[in-house]
Amino acid sequence: MSSVVRLSRRSHSGTEGEPDPGIIHSHDFRSAYQPILSPTHQKLVGYEALVRVSRNKHPISPVELFEQAANLNQTPELDRHLLHLHLSGFSAGDNPVWLFLNINPHTCVHPEASLERLAQQCQSCGLHPEKIVLELVETASDNPEALMEFIHKAKGLGFQIAIDDFGMGDSNFERLWRINPLIVKLDRSLLVNAENNNRARLLLESLVRMIRESGSLVLLEGIENGAQARIALDTEADLLQGFLFARPGAIADETVEKSEARLRTVVADSDEWWLQDSKDQESYLRLLRFEIMDACHQIMRTNPFRENCNRLLQMDGVKRCFLLDGSGVQQGNLAHATNDIHRGGFNPLYHSAGARWGHREYFRNALERPQHINSSRPYVALPDARRTVTLSTTLPTESGQQVFCVDVHPDEVFNGQLCFPPTL
Numbered sequence: 200m201s202s203v204v205r206l207s208r209r210s211h212s213g214t215e216g217e218p219d220p221g222i223i224h225s226h227d228f229r230s231a232y233q234p235i236l237s238p239t240h241q242k243l244v245g246y247e248a249l250v251r252v253s254r255n256k257h258p259i260s261p262v263e264l265f266e267q268a269a270n271l272n273q274t275p276e277l278d279r280h281l282l283h284l285h286l287s288g289f290s291a292g293d294n295p296v297w298l299f300l301n302i303n304p305h306t307c308v309h310p311e312a313s314l315e316r317l318a319q320q321c322q323s324c325g326l327h328p329e330k331i332v333l334e335l336v337e338t339a340s341d342n343p344e345a346l347m348e349f350i351h352k353a354k355g356l357g358f359q360i361a362i363d364d365f366g367m368g369d370s371n372f373e374r375l376w377r378i379n380p381l382i383v384k385l386d387r388s389l390l391v392n393a394e395n396n397n398r399a400r401l402l403l404e405s406l407v408r409m410i411r412e413s414g415s416l417v418l419l420e421g422i423e424n425g426a427q428a429r430i431a432l433d434t435e436a437d438l439l440q441g442f443l444f445a446r447p448g449a450i451a452d453e454t455v456e457k458s459e460a461r462l463r464t465v466v467a468d469s470d471e472w473w474l475q476d477s478k479d480q481e482s483y484l485r486l487l488r489f490e491i492m493d494a495c496h497q498i499m500r501t502n503p504f505r506e507n508c509n510r511l512l513q514m515d516g517v518k519r520c521f522l523l524d525g526s527g528v529q530q531g532n533l534a535h536a537t538n539d540i541h542r543g544g545f546n547p548l549y550h551s552a553g554a555r556w557g558h559r560e561y562f563r564n565a566l567e568r569p570q571h572i573n574s575s576r577p578y579v580a581l582p583d584a585r586r587t588v589t590l591s592t593t594l595p596t597e598s599g600q601q602v603f604c605v606d607v608h609p610d611e612v613f614n615g616q617l618c619f620p621p622t623l
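Numbering (our numbering), first residue to last: 200 to 623.
Just so you know, these hints were derived from the structure itself, not from any lab. Every residue, glycine too, gets a C-beta built ideally from N, C-alpha and C. Hints are supplied without guarantee of correctness; some may be wrong.
[What the hints assert, rightly or not] Pairs of lysine-lysine residues, derived as DSS-like cross-links and limited to a Cα-Cα distance of at most 30 Å, are as follows:
#	residue 1	residue 2
1	K242	K457
2	K330	K354
3	K242	K354
4	K478	K330
5	K330	K242
6	K330	K352
[Claimed, not checked] Pair by pair, the computed Cβ-Cβ distance ranges are:
#	residue 1	residue 2	range
7	H240	R485	35 to 43 Å
8	E344	E567	49 to 57 Å
9	T537	N502	36 to 44 Å
Taking the hints into account, I'd like the entire structure generated from these sequences.
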């Protein structure tokens, strides 16, 4: 059940000499709790405590509230008040869930910020500190040594640590490794950008993978629609949060049931999309293999090279074809897809006859597996500086063994989600 508190000056008098708590005295505060869910367990595993505040019955944004507190040098007092408010209003009972509490780094290093006091408040509310996740805003601290001392002390008392808004501003992996948080919450802008830009999506997937490999769980927040949920699931993020599942509000059994039901629907829909995508991708790869083999047969008949590749170059994502001799030297110029010929205007790197590609992975793959159509790992290719996968296979010709290569831009097919197998 959420709690609403309006404190008088007397009720928050504190110790003698404490700064005047004007901002606390003049506002109404209410706790709201937003569910955090595990897609693997398909259940609610935590709540983030958020503040809802008004003044003279007019809502005020939390950003504005903290700006006022900073201007009055009352951020630590406000933080302590909100922590107490959220703890006293938390009513999850014995359910095995975390309570996420936001705390400002400046509060962490404030002389009056007592972790022992916070631990006592947890105990008085029937909460062991291990159920509490302290979210540290991922921003630069004026006193990194004191911040690390705070983190070590918090962990010693049993509190869990999370980094909030990672991926923006002053985020860096050095601090991530030093703090060694249980959970890293990624800034929502990363997910929004990933929805609209495939390169941003690839970067998000890589970031999630790196954080998980470093030893922390990843939480993606701000999920508002099915497309964002699918991206979040594809990244294999450990925890999810957002309006799609539940808005911040009171803790109630009905909220748990609805949020978990929505999560199950999202997971089921994602599985269905994945199965359909897999079928479509298999069809694309089969056709691609057929067209490459057909082009190889045409080349062995010594027809004009561009003509041999014409049907292949009409396939989605296929950009260029070229032929290498047994030493990796390019025979003639590139054969381009129609929509690739004039891309970017003049570029001397398009004229690559005689270029040596013997050091490239795709050339070595073809020599090592001569009876297969081999896929390279994605790389940034010359001449267009675009992410490329090169497919390669060997050809026995009158002039000796040659290697036929096909450049594909994977970002242009299946929204960049096509995974090429090692061999087609």
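Okay, the hints, checked on the actual structure:
no.	hint	in the structure
1	K242 <-> K457	10 Å, holds
2	K330 <-> K354	12 Å, holds
3	K242 <-> K354	26 Å, holds
4	K478 <-> K330	43 Å, violated
5	K330 <-> K242	17 Å, holds
6	K330 <-> K352	16 Å, holds
7	H240 <-> R485: 35 to 43 Å	37 Å, holds
8	E344 <-> E567: 49 to 57 Å	53 Å, holds
9	T537 <-> N502: 36 to 44 Å	19 Å, violated
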